[in-house]
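K.L.:
Okay, here's what each chain looks like letter by letter:
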Amino acid sequence: MSSPTDAKVRPLSPHLQIYKPQLTSILSIMHRITGVGMVLGLVVFVWWLVALASGPESYANFVSCAQSTVGQLFLFGLTLGFFYHLSNGVRHLFWDAGFGLELKETYKTGRIVMAATVILTGIVWLKAYGVVL
Amino acid sequence: MKSVRTPLGKARGLGSAKSGTEHWFMQRMTALALIPLALYALMGFFNNAMSGGYSGAMYWLQSPVSATFSILLLLAGLHHGVAGLQVVIEDYVHCEATKIGSLFLIKFIAASMAIIGTLSVAKIFFGV
Chain A
0 MSSPTDAKVR
10 PLSPHLQIYK
20 PQLTSILSIM
30 HRITGVGMVL
40 GLVVFVWWLV
50 ALASGPESYA
60 NFVSCAQSTV
70 GQLFLFGLTL
80 GFFYHLSNGV
90 RHLFWDAGFG
100 LELKETYKTG
110 RIVMAATVIL
120 TGIVWLKAYG
130 VVL
Chain B
0 MKSVRTPLGK
10 ARGLGSAKSG
20 TEHWFMQRMT
30 ALALIPLALY
40 ALMGFFNNAM
50 SGGYSGAMYW
60 LQSPVSATFS
70 ILLLLAGLHH
80 GVAGLQVVIE
90 DYVHCEATKI
100 GSLFLIKFIA
110 ASMAIIGTLS
120 VAKIFFGV
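Protein chains in written order, with numbering that gives the first Met the number 0: chain A, 0 to 132; chain B, 0 to 127.
For reference, chain A alone in the conformation it holds in the complex (with noise of 0.2 Å):
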C-alpha cells in the first residue's frame, strides 16, 4: 500500500508554455484581458465625471492629460480593447444560447471579431481626428 509520503510523479496538464497557440485560445486569454483593461476604462469614465463635476479648470486638466500623446495612446488602447471585448462578449452572449458552438463556426467568428474590432476602432478615431463622418 502506498503512503501518503510517496514521492510519486503524478501526470501534469500541458503547460502553456509548450501548449500551441490557436486563435481560439488567443481570443479566449484577450477577452480576459481586454475585461480587466475595461475596469480602467471605468476609472476613467469616473475621471472624467469628477473633473467635469469639479468645474473648467479641473476639466481642461482632464482634456490636456488625454490630448497628450500618452493619454492618446492609452485611450486608442482603450477603443480597441472596448471593441474587441464588446464583439466577443456578443460572440460570448451566442455560445451562451446554444449557437456556434462547433470548432469551424468558432474560427469564423473569431475572424469576424477580430475585423470588427479593427473597423469599428478605426472608424472612431478616423471620426476623432476628423477624417471621416
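Keep in mind that the hints were calculated from the coordinates and are not lab data.
Glycine included, every Cβ here is placed at the ideal spot set by N, Cα and C.
Derived, one-sided and incomplete: chain A residues facing chain B with beta-carbon distance under 10 Å:
{"no.": "1", "residue": "Gly34"}
{"no.": "2", "residue": "Met37"}
{"no.": "3", "residue": "Ser53"}
Covered stretches of chain B, as calculated for chain A (at least 3 residues, CB under 8 Å):
{"no.": "4", "region": "56–70"}
{"no.": "5", "region": "109–118"}
Starting from the known structure of chain A, arrange chain B on it as the hints suggest.
P.N.:
Then chain B, alone, in the frame of chain A:
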C-alpha cells in the same frame, strides 16, 4: 448511500452553498445591458464633449436621459467588472489571505467609484 437531504432541500436543488447561478446570470444580464449603454455613452461623448468641450459635456449630462444612462452605465459596468475581476482573482490567486483581501479591495473600490460617479452626475445634473 441513503440521502440525508430533506424533500424541500431536494426540490430547491441549491446544495449546501444555497446559491451559485446569480454570479453567472448577473454577469450575462449586465453584459446585455452594457451593449446599448456603452454605445449610447460613446455616441453622446462624440456628439457633445468632443466638439463642445466643457459646456458641451455639461449640456449632455444635464439631460435626464443622458444622466440616467450614465449612472446605469457606471453601475452595470462596475457590477460586470467586479464579477469578471473576481473570477480572474479566484483563478490565479491561490494564497487564501491574498485572495480574500483582493476580493474585498476590488469590491470596496467599485463601491467607492459607484458613489463618486453618481454624486458627480448628480452635481452636474442639478448644477450645484
